[in-house]
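Number of protein chains: 2
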Amino acid sequence: MKQVYSYSQLFFCLILCWNNLKAQEKPKYLDAEQSDPVKMGWMVGSPPQADRIARFDDGSFFQFPALRWSVAHMRQLMPTINVSRGLGNSVALITNDTKKIDDVKFVSLGETKPITWKESLQKVYADGVIVMHHGKIVYEKYFGALTPDGQHGAMSVTKSFTGTLGIMLVKEGLIDTTKLVSHYIPELKNSAFGDATVRQVMDMTTALQFSEDYADPNAEIWKFSAAGNPLPKPKDYDGPKTYYEYLPTVKKNGVHGEAFGYKTVNSDVLGWIIARVTGKTINEVLSEKIWRKLGVEQDAYYSVDAVGTPFAGGGLNLGLRDMARFGQLILNNGKSGTQQIIPKAAIDDIRKGGSKKAFAKGGYPLLKGWSYRDMWWITNNDHGAFCARGVHGQVVYVDPKADMVIVRFASNPLASNAVNDPYSLPAYDAVAKYLLTIK
Amino acid sequence: MKQVYSYSQLFFCLILCWNNLKAQEKPKYLDAEQSDPVKMGWMVGSPPQADRIARFDDGSFFQFPALRWSVAHMRQLMPTINVSRGLGNSVALITNDTKKIDDVKFVSLGETKPITWKESLQKVYADGVIVMHHGKIVYEKYFGALTPDGQHGAMSVTKSFTGTLGIMLVKEGLIDTTKLVSHYIPELKNSAFGDATVRQVMDMTTALQFSEDYADPNAEIWKFSAAGNPLPKPKDYDGPKTYYEYLPTVKKNGVHGEAFGYKTVNSDVLGWIIARVTGKTINEVLSEKIWRKLGVEQDAYYSVDAVGTPFAGGGLNLGLRDMARFGQLILNNGKSGTQQIIPKAAIDDIRKGGSKKAFAKGGYPLLKGWSYRDMWWITNNDHGAFCARGVHGQVVYVDPKADMVIVRFASNPLASNAVNDPYSLPAYDAVAKYLLTIK
Numbered sequence: 001m002k003q004v005y006s007y008s009q010l011f012f013c014l015i016l017c018w019n020n021l022k023a024q025e026k027p028k029y030l031d032a033e034q035s036d037p038v039k040m041g042w043m044v045g046s047p048p049q050a051d052r053i054a055r056f057d058d059g060s061f062f063q064f065p066a067l068r069w070s071v072a073h074m075r076q077l078m079p080t081i082n083v084s085r086g087l088g089n090s091v092a093l094i095t096n097d098t099k100k101i102d103d104v105k106f107v108s109l110g111e112t113k114p115i116t117w118k119e120s121l122q123k124v125y126a127d128g129v130i131v132m133h134h135g136k137i138v139y140e141k142y143f144g145a146l147t148p149d150g151q152h153g154a155m156s157v158t159k160s161f162t163g164t165l166g167i168m169l170v171k172e173g174l175i176d177t178t179k180l181v182s183h184y185i186p187e188l189k190n191s192a193f194g195d196a197t198v199r200q201v202m203d204m205t206t207a208l209q210f211s212e213d214y215a216d217p218n219a220e221i222w223k224f225s226a227a228g229n230p231l232p233k234p235k236d237y238d239g240p241k242t243y244y245e246y247l248p249t250v251k252k253n254g255v256h257g258e259a260f261g262y263k264t265v266n267s268d269v270l271g272w273i274i275a276r277v278t279g280k281t282i283n284e285v286l287s288e289k290i291w292r293k294l295g296v297e298q299d300a301y302y303s304v305d306a307v308g309t310p311f312a313g314g315g316l317n318l319g320l321r322d323m324a325r326f327g328q329l330i331l332n333n334g335k336s337g338t339q340q341i342i343p344k345a346a347i348d349d350i351r352k353g354g355s356k357k358a359f360a361k362g363g364y365p366l367l368k369g370w371s372y373r374d375m376w377w378i379t380n381n382d383h384g385a386f387c388a389r390g391v392h393g394q395v396v397y398v399d400p401k402a403d404m405v406i407v408r409f410a411s412n413p414l415a416s417n418a419v420n421d422p423y424s425l426p427a428y429d430a431v432a433k434y435l436l437t438i439k
Numbered sequence: 001m002k003q004v005y006s007y008s009q010l011f012f013c014l015i016l017c018w019n020n021l022k023a024q025e026k027p028k029y030l031d032a033e034q035s036d037p038v039k040m041g042w043m044v045g046s047p048p049q050a051d052r053i054a055r056f057d058d059g060s061f062f063q064f065p066a067l068r069w070s071v072a073h074m075r076q077l078m079p080t081i082n083v084s085r086g087l088g089n090s091v092a093l094i095t096n097d098t099k100k101i102d103d104v105k106f107v108s109l110g111e112t113k114p115i116t117w118k119e120s121l122q123k124v125y126a127d128g129v130i131v132m133h134h135g136k137i138v139y140e141k142y143f144g145a146l147t148p149d150g151q152h153g154a155m156s157v158t159k160s161f162t163g164t165l166g167i168m169l170v171k172e173g174l175i176d177t178t179k180l181v182s183h184y185i186p187e188l189k190n191s192a193f194g195d196a197t198v199r200q201v202m203d204m205t206t207a208l209q210f211s212e213d214y215a216d217p218n219a220e221i222w223k224f225s226a227a228g229n230p231l232p233k234p235k236d237y238d239g240p241k242t243y244y245e246y247l248p249t250v251k252k253n254g255v256h257g258e259a260f261g262y263k264t265v266n267s268d269v270l271g272w273i274i275a276r277v278t279g280k281t282i283n284e285v286l287s288e289k290i291w292r293k294l295g296v297e298q299d300a301y302y303s304v305d306a307v308g309t310p311f312a313g314g315g316l317n318l319g320l321r322d323m324a325r326f327g328q329l330i331l332n333n334g335k336s337g338t339q340q341i342i343p344k345a346a347i348d349d350i351r352k353g354g355s356k357k358a359f360a361k362g363g364y365p366l367l368k369g370w371s372y373r374d375m376w377w378i379t380n381n382d383h384g385a386f387c388a389r390g391v392h393g394q395v396v397y398v399d400p401k402a403d404m405v406i407v408r409f410a411s412n413p414l415a416s417n418a419v420n421d422p423y424s425l426p427a428y429d430a431v432a433k434y435l436l437t438i439k
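Protein chains in written order, with full-length UniProt numbering: chain B, 1 to 439; chain V, 1 to 439.
This is chain B alone, in the form it adopts within the complex (with noise of 0.2 Å):
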């Protein structure tokens, strides 16, 4: 087994969120302008120089600073699978870049001394930012090694792309979600899954015996991780070889429908749901349902397992442009334009949340008063705002009061959102108030 995890205790980063780590006493890391991947120049020259090359069979591509140049360049670490746009021509996003933001200013949680959005963007290791107001960009900005015409790891923002096609499956009368998991994947009966709701996968209340915490060499993280890697496996490696085969293996823990429990093989299960029922495979999904509507500039990719299972979990990589197009579109209620390509039964739904009871379970000290619904976190905060979130600093935050969509992309050296959100969740508010203080 030592071989398996050689070369993939550092892919789980990619492929998986710890969230539900602690925050930590932060060690000493290159900052944002000292770790610019393009100033240290990874990955230039012919052939690049033999410290500044990011490899994928070792796992170095995920270490920090070689992170923040692999964020924006996963397909040339891995395969991948398309999310095609079509080839039609894009719809163009107006920009009005015309307000103040670098300069609005908010306390971080734990702080005194306020500091500007601009200040921020370091503070997070943002790799690209684009706000949105009125529907039209009020703000874009790129850093290190991502451009407007390169893609970005999204992480966990993947689940809330998975949770929003699954939820508009449901209200295509596809998929019913009081209808047991092992309904529509009788190979997840004797699973942890095979007695849970759909709905409880889409919560994630289900109870499962699943470890993310990645100190422990036995978590079961591990052993996803292990299954889904694309590399060839070692010979003596006799465990799951790809992502449906692992998942059958997930172990009861508790009592579903009672505590949020953040894991990522929530998403892949309903991943798979959403494939066996739709008979296709989730970008092909994502491609038709949205992609090809939405008037995208660019394909979308996802990261996929040895057999060609796109990571359903957190391996979608897109356009900064087109994260905002997406958010944009969650905010409209799924109209764009005049087409209404979500449901806006299916935001509703997204809207509404998931139990306040069971998301305070979740160890979310950060975030008191949210819920989880449809992979979505809900702040129920008196903007009804609600977010994507993925590890490094990913978001797609949605504020329906100020009509305000931000996207970032970001490549903090520590993974946890818990350490981003005291630099992002103030600031997200700060800018909100901004914008609807000048209308």
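Hints are computed from structural coordinates only; laboratory data are not their basis. Keep in mind that a hint or two might mislead.
Put simply, identical chains are the same to the list, so a pair is met inside one copy or across any two.
Simulated pairs of lysine-lysine, DSSO-like, Cα-Cα distance not exceeding 30 Å [as the list claims (entries may be wrong)]:
no., residue 1, residue 2
1, K223, K233
2, K251, K280
3, K356, K344
4, K136, K293
5, K141, K335
6, K223, K241
7, K179, K357
8, K357, K118
Quick caveat: nothing in here was measured; it's all calculated off a predicted structure.
Chain B is fixed; fit chain V onto it per the hints.
For chain V alone, coordinates are given in the frame of chain B:
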């Protein structure tokens, strides 16, 4: 070493061209209709059926008939790097599909009974064909796993892209063809390329000890393939680990400049020179010089080795319609609309051809009177036709007299173009004559 071969024995097919193999007795293969990958259900289902999975790690992806699915899904199998089209809108291709090309008849080489164009497409296992006439699409068809918004492996058609970029840089003054390769790439000083001129590399008249005899397990092609394979190397592997580590090991065998010797490594050396003089990888150079300007509909991509070096000798994948745009650009002497994208002098250099005498020594009995220049195949026929060719039936065929471009993707079970040529070369002539007749 054995383990290296185990996973790369089929990968080589992807990355290398064995055009110089003699046509062989055909074993019994499923025909084009029987082997249609969609009908066969390759990679369909969640998960796909066990005997319908194309895997990269064991090389099964490149075994016929899985090959027919794989050539249209290379990215799903291996790491790749984008050739960005940018974010602008594409330039429309106008279709004028009123011609009766399907009914055009011709006699294939070595046969006596005529067949139709339509029948010939089945013989060559075509995945997609476009015929352009007077700049408009007069024929466009897709088969098997290829769709208009999909991409397909161009195989050695890649070399002609590399050659085109090379001659463009020559005309820009960045590369001097009379200089020795070692002038640009000192790392190659002690290799066969050390005392070869850039021109000899571009026309493949270098004298290399480099066998592309796939039947010989000791052929150099295997070592090149193992070096470029992006999968982790076995522990006991002590050979070169990347393309750029392999190329300096190529030994000389004979005198440069005397005979055409079709060896893939020449293209990778030219790719290296292009990367060195521009300071960019070849995918970036292709993007900047052509792809962002041509109004293409899709990003293209290259396969890469373990350190991200694009495979300049055979790793390009692109959409069929975009390959038609490229062919049309070449036919138009480098002009697209009012934009001179490629200097006319570069196209002139290609069209004037290489040494027929040298070519005659290259071992292509079906290609009498042809020559090779700037990594393009020059027919020297009375239409002034020239082409880019890749294993398993890939082609860009440019016929200036008929004002015609034919582009084709295919997945013939046999790699050698000697198998396709009897059904292809007379077919191109027949269509050209037909189009000349009807104006």
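*Status of K357 relative to K179 across identical chains (alpha carbons, at most 30 Å)*: within (23 Å within a copy, 75 Å between copies)
*For the identical chains here, do K251 and K280 meet the 30 Å Cα criterion within one copy, between copies, both, or neither?*
Answer is within: at 27 Å inside a copy they meet the 30 Å cutoff, but 50 Å across does not.
_For K223 and K241, with the copy left unspecified, which applies at a CA distance of at most 30 Å: within, between, both, or neither?_
Both ways: K223 and K241 sit 10 Å apart in one copy and 29 Å across, limit 30 Å.
*Given a CA cutoff of 30 Å, do K223 and K233 count as a within-copy pair, a between-copy pair, both, or neither?*
both (12 Å within a copy, 23 Å between copies)
_One pair to classify: K356 and K344, alpha carbons no more than 30 Å apart. Within, between, both, or neither?_
within (23 Å within a copy, 68 Å between copies)
_Homo-oligomer pair classification [K293, K136; C-alpha up to 30 Å]_ = both (19 Å within a copy, 27 Å between copies)
_Status of K118 relative to K357 across identical chains (alpha carbons, at most 30 Å)_ = neither (36 Å within a copy, 66 Å between copies)
*If the cutoff is 30 Å on CA atoms, where do K141 and K335 land: within, between, both or neither? Let me know, please.*
within (26 Å within a copy, 35 Å between copies)
Checked against the numbered hints listed earlier, the structure breaks hint 8 alone; every other hint is satisfied.
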